[in-house]
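A.B. asks: Next come the chains, spelled out residue by residue.
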Amino acid sequence: MFKIFFSSELKYTLKQPMVYIFMFLMALMTFGATASDSVQIGGSVGNILKNSPFVITTFVTILLLFGLLIAAAFFNNAALRDYNNNFNEILFSTPLSKSGYFFGRFFGALILSTIPILGVFIGVILGSWVAPLAGWEDAERFGPFYLETFVNNYFLFILPNMFIAGTIIYSMAIAFRSTVISFVGAMGLIVVYLVSGSFMSDIDNETIGALLDTFGIRTYSLETKYYTPIEKNTLSPSFMGLLLWNRLLWIVIGSGILAASYMRFSFLEKNKKVKESKDKKEERVEVSTMPKFAPSFASNTNWAQFKSFFYTNFTSIRKSVTFKILFVFSAILLVTRLWNGFSYFGLQSYPLTYEIIGAIDGSTTLFIIIILVFFSGELIWRDREQKINEVIDASPHSSIISLSAKALSLVTIASLLNWFFIFCGIIYQLANGYTRIELDVYLIDFFMTKFPIYFVWSGVMIMIQVLINNKYVGYFASIFVIFFWSIVLLMSDISSNMLEIGAGPSVRYSDISGFGPGVEGAIWFNTYWGLFGLICLAIAGGLWNRGSSSSLKERIAIMNKQVPKAFKMGISALVVVWLGVAGFVYYNTQVLNEYMSSDEREQLSVDYEKKFKKYEGVDLPKITDIKYYIDIFPKQRDVHVKALMTLTNETDNPIDSIHYNYTKTWNPEFNIPNSELVFDDEYFEYRIYKLRKALQPGESIDIEIQTKYITEGFQNGTGNTSVVENGTFFNNMSILPTLGYNAGVELSDKTTRKKYDLAPKKRMPELEVNCSKNCMSNYLSNGHSDYINAETVISTSSDQLAVAPGSLLKEWKEGDRNYYHYKVDHISQDFYSFISARFEVATREWNGVDIEVYYDKKHEVNIDMMLDAVERSLTYYSENFGPYYHKQCRVIEFPRYSTFAQAFPGTMPYSESFGFVTNLEDESDNNVIDAVIAHEMAHQWWAHQVVGADMQGGTMMSESFSEYSSLMTMKNMTDDPMKMRDFIKYDHDRYLRGRGQERIKEQPLYKVENQQYIHYGKGSVILYALQDYIGEDSVNKAMRTFLDEFKYRKPPYPTSLDFMRHLDPVVPDSMKYLVDEWFKEITLYDNRLKEAKYTELPNGKYEVTLQLETTKIKADSLGKETKVAMNDWVDIGLFADADEKDLMYQKRVKFNQPQMEFKIIVDSIPAKAGIDPRHILIDRVYKDNIKTVKQAE
Amino acid sequence: MSILKIENLSKTYPNGVKALDNVSIEITNGMFGLLGPNGAGKSSLMRTLATLQEADSGSAFLDDINIFQEPEELRKVLGYLPQEFGVYPRITAEQLLDHMCVLKGITKKSERKEMVTYLLDKVNLYDKRNKSVKGFSGGMKQRVGIAQALIGNPKLIIVDEPTAGLDPGERNRFYNLLADVGQEVIVILSTHIVDDVRELCTNMAIMNLGNLVFQGAPQTAIDELKGKVYQKIISRGELEEYGKNFPIISNKMVGGQPLIHVFSESNPGSGFEQVAPNLEDVFFSKINTQNVIV
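Sequence order for the protein chains is V and Z. Per this note's numbering, the first sequence starts with residue 505, numbered consecutively. Per this note's numbering, the second sequence starts with residue 947, numbered consecutively.
Keep in mind that the hints were calculated from the coordinates and are not lab data. Heads up, a few of these hints could be off.
Said to hold, decoys possible - BS3-like cross-link-like pairs, simulated, lysine-lysine; straight-line CA separation at most 30 Å: (1) V/K1069 / Z/K1054; (2) Z/K1059 / V/K823; (3) V/K891 / Z/K1101; (4) Z/K964 / V/K1057; (5) Z/K1074 / V/K823; (6) V/K823 / Z/K951; (7) V/K811 / Z/K1077; (8) Z/K964 / V/K1065; (9) Z/K951 / V/K1065; (10) Z/K964 / V/K796; (11) V/K823 / Z/K1080; (12) Z/K1059 / V/K519.
Stated by the list, open to error - Here are a few chain Z residues that face chain V, going by a calculated C-beta distance under 8 Å: (13) R993; (14) F1007; (15) I1052; (16) E1060; (17) V1159; (18) G1162.
Beta carbons: idealized from backbone N, C-alpha and C, even for Gly.
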């Protein structure tokens, strides 16, 4: 009996598409995650092979969370199918065995629900096979598969998790005969999982947490916490330790639930409580003869029919359980998303309308698409499935009316959902006390980015269902079109949005520049797709299978015969209009504004390198003086530039030709006296001018270059986001042609280069001890210029304010335009930004320097704090490093098309999306906004007063120094050493995560190759630790003397070795090893507190005994890690409180054994103890450094 | 007075089954019964007339509406109840009928309300009007189906086995309703309950294997058989032998023993007695031409 139900369960469900769809989705996700870096599922990958047992197990455990949905589907089906089909009475009156039925169904569903998860394996295997072949990933990033990985994952995670979820879902479904309730049961499992997470966050409880985790996810991550990359690459999860116990525990619990449910289960119908009928017998007028109403078939009939169809369709979606579940799920996701807020390094952004919109998109889009796909099929097939199709089909309505009503009800349900989510978002905004609710932004965003998508998808999917004439094949086709079509386009190297259904330029709302430059294009693309959706509907209407089913061919014949002329004319007219729009869009996006596909761009890079590499290193003059004339036309989004510059030959040889790289879209015009254009390649945008008389060493010429950026029509993509109606922001590199060969164009990826027979590219020139030529250029201006004077006359429209570097000499109006004349007060690197917007300006004076913040009037809330931060930085840096040479210090807000802050001489453009909109109301002291400002301010010294040569280690002197300086301003604001730990932890994290994802090789700090995780993360941590070991003054002194030597000096530019030279004298001999290990090697620590106990001493004091374990690890350039003997000074400390806020005792002790014991005598009982309590060393796992102190037995 | 004129209608399904074989017929106002065994082509004919299926050849006109060329026009004057009638879940009877009223061109809300009330009352579902149709029994659903077929002043009502699943009381109620409207319009009623046709229809046709094997008034058919039908109660064992020797029209069990009717121009003797023919005899004699025991 068991066998019968078991196998019939399998057979029944395997015939349904659900198993395959789920399996397919699982495979798709892991395929994406394996084959590309853009899809990420859980945890880092990096150094670890992309198909390592660890990664596969992570995929399995994470995706099993989604697997709950699968379990819910299958177990519900097994439990409720007979009831839903009213078959229960027939079935249960047959002599079947209760256990056979109950367990047969259960285990059938159990096996079934594990099948889709196998898609995870399929995806990984396919991904590992395809990615190297297709050249998406290096073959080296994949290793061998281990059978054990698959088997153990199945029996450790897949089967047990499905069993546990299954027992609850199945039992609840049977007990309550309700799908929804059993879903809620599944939700309960997630709650337990979340609770286990809160246990895990405290290292003392992590064992309990790991046992409690319903799904074993956290158990596994605890078990693998100390795994090295090699272990992660080779070891499969095993039936041992906590993981085994966790699995056994939950299987026992699941079995208990199942047993209880079995005892309760009975074939007998429960006595339903019959609800007393509330229907009153109503009085009504008897009508004895049939009322005769003349039917009318005018246009208002169509309208009435449309409404009635709409109503019945809409109701059927709204009342469907599937809809309700999808709705609840997306709502839960949204609420969780909102609950977490919009955090940035521990701070919350205000709940701006665009943030809410982003949250809604992120958490609900997928569900809305699922709803559209699912219900397009439901609505099309509903009449047939309910067997009412013949009656409806034989009634006098036109098919297009009923199909339009279906489409509209799909669009409406999606729209209503979206509006409901918006409503939730508004409630959230209000609940957070945020009242700048931009209903217009919600509304416009809806009509620009949601409604057209819903509309075109509804039309397309209805057409698919009608044409294909099979619900499930139709679903498959719909899913294909949604998810795969874009992959097909990608692989065919087609990036035109005209071929990707519903696509168009993205519009992103910014408080400064509204919906931005993509609006016009988006409107045209929306029109294009809207018409396309209508045509799809019309086609569907014509080919709608009315009456008995017939083949597509027959239906086309019927359409030709029956469809009225007017309708055909209508369709033709529609097609003509659509073609017109398509032509216009094509003209704008392909003719007026050409773009390159990614393959073309790649080929261009290759050809450029092959053709022009020979010019790399030709002698070129440098810009030694420059004057910019810039006219910005915000309304037209045009920019006119004229630059007068002096070029000087600073080489030792005569120069007779000048090479330029230019950008066609900026239409450059060169005016180089006594020269001749001898080479011009428009495709590669490369020009060579030959000077009639060679420029002798030391000689100069004055030249003029004009460029014009003219916005025409709209583009396939968003368009140029740096020239916008409000908030234009560009730098001097982008507006003027650049001198010489541009190595930045070259491809960098090793595999791609190999494909084109190009040798691997060195990321940077190697660090040289006595460098000559390589030190003549820095990485900011790439050798085009050194420290020079610059002057700008910039104009913009009368409502805007334009900012260029330097002091404002003069300001005037001419016509309806504002003019500004700026001049830098001190020679600087030729690295400038120009900005124009409707700005408010906040100013403050500090020792003769004007601190200015230029901001949008909606963003005034944090301005004072920003001014404070600038002032604090100026104070600390000028005291410790040397004077500030500009007369002003500007923080300038720019639109959120990019999220960064950047330092130009005297100016710091700062994106609106953080800082300006971050909620600092509850932040009494230092915070990351201060930190960012302090960092950019520090660049005024580190990058703009001294900048490293363009070679390994170059960015240490700008980025590491700035990040360190920023930390020091923080440190000087607070007396509390524990506050700093909160800041440094981000830098620690940045480094440790970054090195896990390094693709070439990790360099020691002094040879950093512009690797952000090293120069920001490791650099700041090391310098911070160094000042803790040798003193703040010593480190600052080294930096200062280094700065003094190279400040604003002509090349050669300094290297990291120059700094090491200045560092050496300030480091005592006992600490010299730190410099080697931290700067010149890759050194990590693995410190651990094993046990902390206290005993009360007779004198009333307490003796705390700490058992400590320390390891020092050195990584070689290939990333291989070796443990080395420890002979280092490390802090130990005691905390008075459990929150680790009050460090009551601290001592630096020498560790020369791997295991050491220390005894400390204190006056009161400490709550916690730790090694390296302030987290200044780079520790692979810091969590285990601190433990609760327990009383000794 | 409407006339439905069907000429040379043929339809062969892709699997080779000849559903309609050159059917020609003329039907005028009143109830028209369509009798025939399962698979005779009744439903094919009715669906073709209801514009739900294309014919291979032939024509059909309702007055001057060419059904195949102007299906839209026919649908405006058509009431149709198919053999299988389902309903939307999660919608009440009242909502469903209201929807059908709209589809049939009754655009005024008040008129629809009156119509729906009348129909629900006539099919005895007024009390249940706010209940979801999904919970209805088969008979109740069928009654909803009947109600919707009457909406909108149809000139042609096609009902395919409408009384299946109805209890006798409901059946009577339904026929009364149909007879009410059937005076002025064409009602085509397919059934295999022969008595229904006799009681209700002024004209009828019998179909078998896609062919019309009889058309005319029921009484005419019965009259044709007058004096030619004989019956006898035999034992079960004798059935096969009688089958060989006599043109048996029908056999049914009476008191546990087969009662056979045979067709014979003269008294076949051997204990047969002459009976007054009924429509059932007509039916069986028309379709049972191969003298197979049915």
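A.B. asks: Restraint: Z/F1007 near chain V, CB-CB cut 8 Å. Satisfied or not?
C.D. replies: violated (17 Å)
A.B. asks: Sort out whether V/K1065 lies within 30 Å of Z/K951, counting only the CA atoms.
C.D. replies: holds (22 Å)
A.B. asks: Does V/K1057 lie within 30 Å of Z/K964 when you go C-alpha to C-alpha?
C.D. replies: Holds, at about 21 Å.
A.B. asks: Does the nearest C-beta of chain V fall within a distance shorter than 8 Å of the C-beta of Z/G1162?
C.D. replies: At about 28 Å, which exceeds the 8 Å cut-off, the nearest Cβ of chain V leaves the hint on Z/G1162 violated.
A.B. asks: Tell me if the interface restraint on Z/V1159 is satisfied: Cβ within less than 8 Å of some Cβ in chain V.
C.D. replies: Hint on Z/V1159: violated, closest Cβ of chain V at ~25 Å, above 8 Å.
A.B. asks: Given the hinted pair Z/K964 and V/K1065, is their alpha-carbon gap at most 30 Å?
C.D. replies: Cα-Cα ~24 Å, so holds.
A.B. asks: For V/K823 and Z/K951, compute the direct alpha-carbon distance and say whether it is at most 30 Å.
C.D. replies: The hint is violated at about 45 Å.
A.B. asks: With a cut-off of 30 Å on the C-alpha distance, tell me whether Z/K1074 and V/K823 pass.
C.D. replies: With a Cα-Cα distance of about 20 Å, the restraint between Z/K1074 and V/K823 holds, given a limit of 30 Å.
A.B. asks: Between V/K811 and Z/K1077, is the straight-line Cα distance small enough, at 30 Å or below?
C.D. replies: Holds, because 22 Å separates the two Cα atoms, which is no more than 30 Å.
A.B. asks: Taking 30 Å as the top limit, are the C-alpha atoms of V/K1069 and Z/K1054 close enough?
C.D. replies: holds (29 Å)
A.B. asks: Does V/K823 sit within 30 Å of Z/K1059, going by the straight-line distance between their CA atoms?
C.D. replies: holds (24 Å)
A.B. asks: Does the closest beta carbon of chain V sit nearer than 8 Å to the beta carbon of Z/E1060?
C.D. replies: holds (5 Å)
Against the hints set out earlier in the document, violations occur for numbers 6, 10, 12, 14, 17 and 18.
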